[in-house]
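Visitor: Next come the chains, spelled out residue by residue.
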Amino acid sequence: MSPNVKPKLNKKQVDINYLLKEAPREQHFITGAQAMSEAVKRASVDMAIAYPITPQSEVMHLVGNVYAEGHIKEYYRAEEELGTMSAIAGASRAGVRLFTATSGPGLLRGLEAIVSWPGHRVPAVLGVLTRVINAPLSIQPDNLEMAYIMHSGMVLLHAENQQDTFDFTLAAFAIAEKVDVYIPVAVATEGFFVTHAKGYVDMMSEDLTLTEFDPVAAPVPAMDNETPPARIQRDAPVQKSNFMSYLIHSVWQQEIWDSNRRAMKYIYEYLGGPIEVQNPEADVFVVASGCAAAQAREAHRYAQEEGLSVGLIKVRAIRPFPTQEIRDATANAKALIIPEHNIIGWLCKEVQAAIPNGGIVVEGPRVYGGMTLPVELIMKEIYDSLGVENNLKL
Amino acid sequence: MSLKYITPAERFKKYLPKDYVELVDYGPFGKTQDQAGPGNMGQFKELVEEHPMCSGCWMAYYIRLIFASLPCPEETVTLGTAGCGRLAISQAAVPFVYGNYGDQNAMASGLSRAFRLRFPDKTKDVITIAGDGGTMDIGFSMTMHSWIRGERFTTIMLDNEVYGNTGGQESGMSPKGAVLKMAPFGKNFEKMPATGLAIAAGCVYVVRMSPTNIKKAAKVIRRAIFVAREVGPTFIQAYTSCNIEYSIPTEEVFADAKAQEKDRFQFEEFMTDEAKAVIERVEAEEKAASKARKAASKAAAAEVN
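Residue numbers (the working numbering), protein chains in the order written: chain G, -16 to 377; chain L, 26 to 330.
Next comes chain G alone, as it looks inside the complex (with noise of 0.2 angstroms):
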């Protein structure tokens, strides 16, 4: 076997305001995992970890081939989904920028450790490319296991298309190193429809990467025996049961979830707010996040076309969940209507909390399993809702 000889790059590293909005960018069509794989590029990723599950795989080939041109200073394949993360966790400690990602069943077989992440307070980022997680098996996307990362404490995106998969992946690992976030940061993108689909993506030069990891700016600070302040006190109060490892245990996941909400306002800064609005007077308005939000956006410009009262909401962030914004453009709607890739609608749960009229929701629809979302699905809700005839055969 010949060394492993990688080339050294002269790239130049700039602050992320600079690359996300002001770098000059060119077209391309590629698809959602190339996409990933190109953000993950200009990060200035130290190390990334890969496990193969479908269709994540094609992201970590990727990088893998990201690491060989010389961009990433160490990848190796773990040995399931378990060790990836518990890796994850384990490289922070010393203070490395890192990147995994994975779908579905992978997910769920690491969650253990993901789960875990955000109060050991590892700034890493998880592309979470979704896939059926329950039986009967199906590798095609359906985006239930999000509603599992919802609760674990992470700030969660929800990407639409490749570009967002793009932006989201870069904005991530800003806002994950925030020293007032400072908690990891998972970008969702539906599987297949994006990630073997191509796609529009503005990107910027490759010789541009995002300013390197600095393990000192942490609240938390890497325990390289190296960065201070020194960890050689003794006593450790929450490896025992008693009051006092209750009350750490408490104030100390509190902080988790002020960071997730402190993560608001990077989300404003370099992804232009957690929402995306269109026609903000409409009377009925599509809610959607990810994959069925491109769906959405088609509906909204059949019912423009249609001259129906209809607008657009686009989530972009599930976790911090834009409540406010949420009710705010919702306030004189009179129906909205919720597509989702999962069964259990977790997001049409989230906006009905949210909201104070939850009877306005319409609780789909909802496509599972891995099918596609026919626009038509949508425009039906959007009949009913309008009280608009209609010759739809589905």
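Note that these hints are calculated values from the structure, not bench results.
Note that the structure is a prediction, hence the values are computed from the model and not measured.
Treat the hints with care, as some may be off.
To be verified - Simulated crosslink set (DSS-like; lysine-lysine; CA at most 25 angstroms straight-line):
| hint | chain 1 | residue 1 | chain 2 | residue 2 |
| --- | --- | --- | --- | --- |
| 1 | G | 4 | G | -6 |
| 2 | G | -9 | L | 147 |
| 3 | G | 56 | L | 312 |
As the list claims (entries may be wrong) - Simulated restraints, written as ranges between beta carbons of each label pair:
| hint | chain 1 | residue 1 | chain 2 | residue 2 | range |
| --- | --- | --- | --- | --- | --- |
| 4 | G | 237 | L | 40 | 27 to 33 angstroms |
| 5 | L | 191 | G | 235 | 22 to 28 angstroms |
| 6 | L | 32 | G | 185 | 48 to 54 angstroms |
| 7 | G | 237 | L | 191 | 24 to 30 angstroms |
| 8 | L | 40 | G | 6 | 43 to 49 angstroms |
Idealized CB from N, CA, C, for every residue including glycine.
Fit chain L to the known structure of chain G by using the hints.
Guide: Chain L only, in chain G's frame:
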């Protein structure tokens, strides 16, 4: 750097906890084994002092020994998992990473690689210290794969042959026939061959022992750490009886450990040629340094006289 990082400015000392200042002044940081090691435990401020382990716990003794044997405590990070051991390990004055169930060797894989890329010119010792359940049952896949990948850190298994912390359940390392919780009719399969698995998986230095001899146990711990720095994964399986679950009277704990040396924990030491070369080189260097120090202090004493 790391010694500097733990050493407070002189005028700041009065504001720091007494325990911390004493650790820096009288602890083993930056000292040799002659000055502060297993040979003179009790004469320096140890990294493990208080712990909540049971009276007569042989595991607590061995953990104390591990920390007294560290070649460079100020550059060491330990990792562990659920189990009795972590109650004492977390109270050592060395950074300790506690993750999830049985994931210590996966975490250590990430940590040791990240240390090497951030500090390519330094030696940072990474050691996982976990029980038999954490290492060989729930953590089995992560333990084995870290060895198969050739990860360069040390794995120490505190083998008390039972889940002590959760109340005495059968583990893969319990001996056949042992009547334990979850094995009401006695365990009906053999104790797992941990050292054989370690050798098959690519560990370059493997020891099984009942640590009754302090010097010998310390030597093994140091060898495992030195070899892991340069060559590959190293593994120690140490008998650390659970006197509670196996009903060993406190005054008989040592006798039991001695008896185990002739039974399930007969001394076994495996090393590859590459590991052997490292051990011979480092031990020769240490011997020469110790000799030089003794000669120097003798000369200094002669000068005073």
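Visitor: Each hint needs a verdict: does it hold in this structure or not?
Guide: Going down the list of hints, with the structure as the test:
no., hint, in the structure
1, G:4 x G:-6, "holds (18 angstroms)"
2, G:-9 x L:147, "holds (22 angstroms)"
3, G:56 x L:312, "violated (38 angstroms)"
4, G:237 x L:40: 27 to 33 angstroms, "holds (29 angstroms)"
5, L:191 x G:235: 22 to 28 angstroms, "holds (24 angstroms)"
6, L:32 x G:185: 48 to 54 angstroms, "holds (52 angstroms)"
7, G:237 x L:191: 24 to 30 angstroms, "holds (29 angstroms)"
8, L:40 x G:6: 43 to 49 angstroms, "holds (47 angstroms)"
In terms of the numbered hints stated before, the structure departs from hint 3 and from no other.
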